[in-house]
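Whole structure, please, built from the sequences with the hints as guidance.
Protein sequence lines correspond, in order, to chains E and F. Residues 1 to 205 (my numbering) are what the first sequence spells out, left to right. Residues 206 to 550 (my numbering) are what the second sequence spells out, left to right.
Hints listed in this document are in silico derivations from the structure and should not be mistaken for laboratory results. Backbone N, C-alpha and C define an ideal beta-carbon position, used for all residues, glycine too. Among the hints, a few may not be true.
[Said to hold, decoys possible] With a Cα cut of at most 20 Å, we get these calculated EDC-like pairs of lysine to aspartate or glutamate: (1) E:Lys150 / E:Glu133; (2) E:Lys150 / E:Asp189; (3) E:Lys163 / E:Asp189; (4) E:Lys150 / F:Asp295; (5) F:Lys421 / E:Glu51; (6) E:Lys150 / E:Glu66; (7) E:Lys149 / F:Glu491; (8) F:Lys364 / E:Glu66; (9) F:Lys425 / F:Glu456; (10) E:Lys179 / F:Glu417; (11) F:Lys505 / F:Asp227; (12) F:Lys425 / F:Glu378; (13) E:Lys149 / F:Asp295; (14) F:Lys333 / F:Glu396; (15) E:Lys16 / F:Glu540; (16) E:Lys149 / E:Asp174; (17) F:Lys364 / E:Glu65; (18) F:Lys364 / E:Asp114; (19) E:Lys4 / F:Glu417; (20) F:Lys364 / E:Glu93; (21) E:Lys16 / F:Glu456; (22) E:Lys16 / E:Glu5; (23) F:Lys330 / F:Glu259; (24) F:Lys510 / F:Glu540.
[Said to hold, decoys possible] Some chain E residues judged to face chain F by a derived CB distance under 7 Å, without partners named: (25) Glu51; (26) Ala53; (27) Leu54; (28) Asn81; (29) Glu93; (30) Leu96; (31) Asn143.
[To be verified] Over the 10 Å line for every Cβ pair with chain F, so calculated as not near, a few chain E residues: (32) Asn17; (33) Gly25; (34) Glu133; (35) Glu156.
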Amino acid sequence: MEFKEALLSLNRVAAKNQITREFTGDNAFELITKFITPVLESIGEMWTRGEIALSQEYMASKICEEIVESILPLESPVRKNMPMIGITTLGDEHMLGKRIVASFLKANGFNIFDYGNMGPEIVAQKVREDSVEVLMASTLMLNLAFEVKKLRSIFEREGIKTKIIVGGAPFLFDSDLWKEVGADAMAVDAMESVDKIHEVLGVST
Amino acid sequence: MIRDEMTPMERVLTTLGHQEPDRVPLFLLLTTQGSREFNVSIEKYFSKPEMVAEAQIRMQQKYGHDCYYPFYYASLEVEAWGNESIFYYDAPPNSGRPVIHNFEDISSMEAPDVCESPQLQNVLKTTKLLKKHAGGDVPIIGVVMSPFALPTMQMGFEKYLDLIYEEPDMFKELMRINEEFCIQWANAQIESGATAICYFDPVSSSTIIPPELYRKTGFKVARRTLSRINGPTATHMASGRCLPIINDIVETGTAVVCTSVLEDLAEMKAACKNKISVLGNLNGIEMRNWSRQETEDKVKDAIQKAASGGGYILSDNHGEIPYPVPSEVLKNISESVNKWGQYPR
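As structure tokens, then:
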């Protein structure tokens, strides 16, 4: 069974075995780059095209997150060169989108500061304390998408240089909304979030 | 101004019979906008059932659409289960912290009694007032969250997906409890005067779960539940896709399905023709910025794709027009329906 097929059929054991049998103890990032990221990207593309459902993307990301945590523990020094990423729903109680993006980023070796559903003032404070370089904001409700505007003005007032990437239903249904709220970029799904992080940081991949 | 030849009820019933009425029926599914009619906060508005009924009547007169919509907001149902709603000044309330913290909590749960929930009783009062006013002239659309969708608010979305995939016995038990509640709630609305029940079932959407999983879960729940609701039902996926499961949705016994703006309306109409009516699918999020011309173009396009032969009601694709959509856009939608929606076409 191929890795992608194992993920989409929720075969945790088969998926994990495919990665761990290649694991030599110090090649975690190589395995992430070679196997996990391309498959998760492909799964993300399938969701964008409407070929698979959100639940499949969620479960695939979750299984990959578990695999990556087993081969690359959170405290691993190998992670230290990755940019600091924060994630929040800015007050929205709908957490699924945030969870999928967080799983996807963790499965790609990023360290994540999860700010739950904190509002803009507290998020700005946390972002400064944690030296976050990119903040991912995921909202489901239209009114809370506009909280990004508040966050941007707090960042400007406080001189915080953190980049903001938005995602979630309101941004999918109105492709110009991310500009209207002052975000630096919008990611249509979790898969695109990695590219957008590199884009806003000016890192070539 | 073109004079309507039919009442909204006649128009809607004709289209649901897959015949062409005098013009394309229009459902403006307005909720929070009613607070503007009285210049009060959304929280205060939804605490006054008389105000909600009066606002529905005023808005129907203002825009000339073809239904009353006594739906308050989605999290109201889970208030009856002990959840809290978080209110905003410019949006429908959001469901607060879930009541189910662990899967084990499900085994000790009981469905609340509709009669003992002041929040649900308010909706029933609004429905009764609308029925008294409308008689048989304007359809009153009641709303339930499907038993399969309610857990997203009862326990949170990600925990619920874990339940569906990994705890089948607990999932079945929660569906049993939720089905009893949903049937009780739907029938109470019908007894109070609702003409039909809109069954919000977004988790069943192919955007959220794959069709094969739907057939094992949401489909069975819908078929059991809808068969015990004492009135016609419309299935709403709240912006989610449903074309891949359209034949299954037909089999659940529902009369109407709402399609997403992500799907082609003409393709959906062809798949539903003479089997089930189609509702939709204007983009409510983009709508807040539509010019008069854009509004007319969107309405015209939808009508051209789906109106022929009846079996179609024009509406937004989410089941709720967002609060920021200006009144001017709603008037433009209504005028465009009058201009482009006349039958025979």
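Report task. List in ascending order the numbers of the hints, as given earlier, that are violated by the structure. Result -> Of the numbered hints given earlier, those the structure breaks are 2, 6, 10, 15, 21, 25, 28, listed in rising order.
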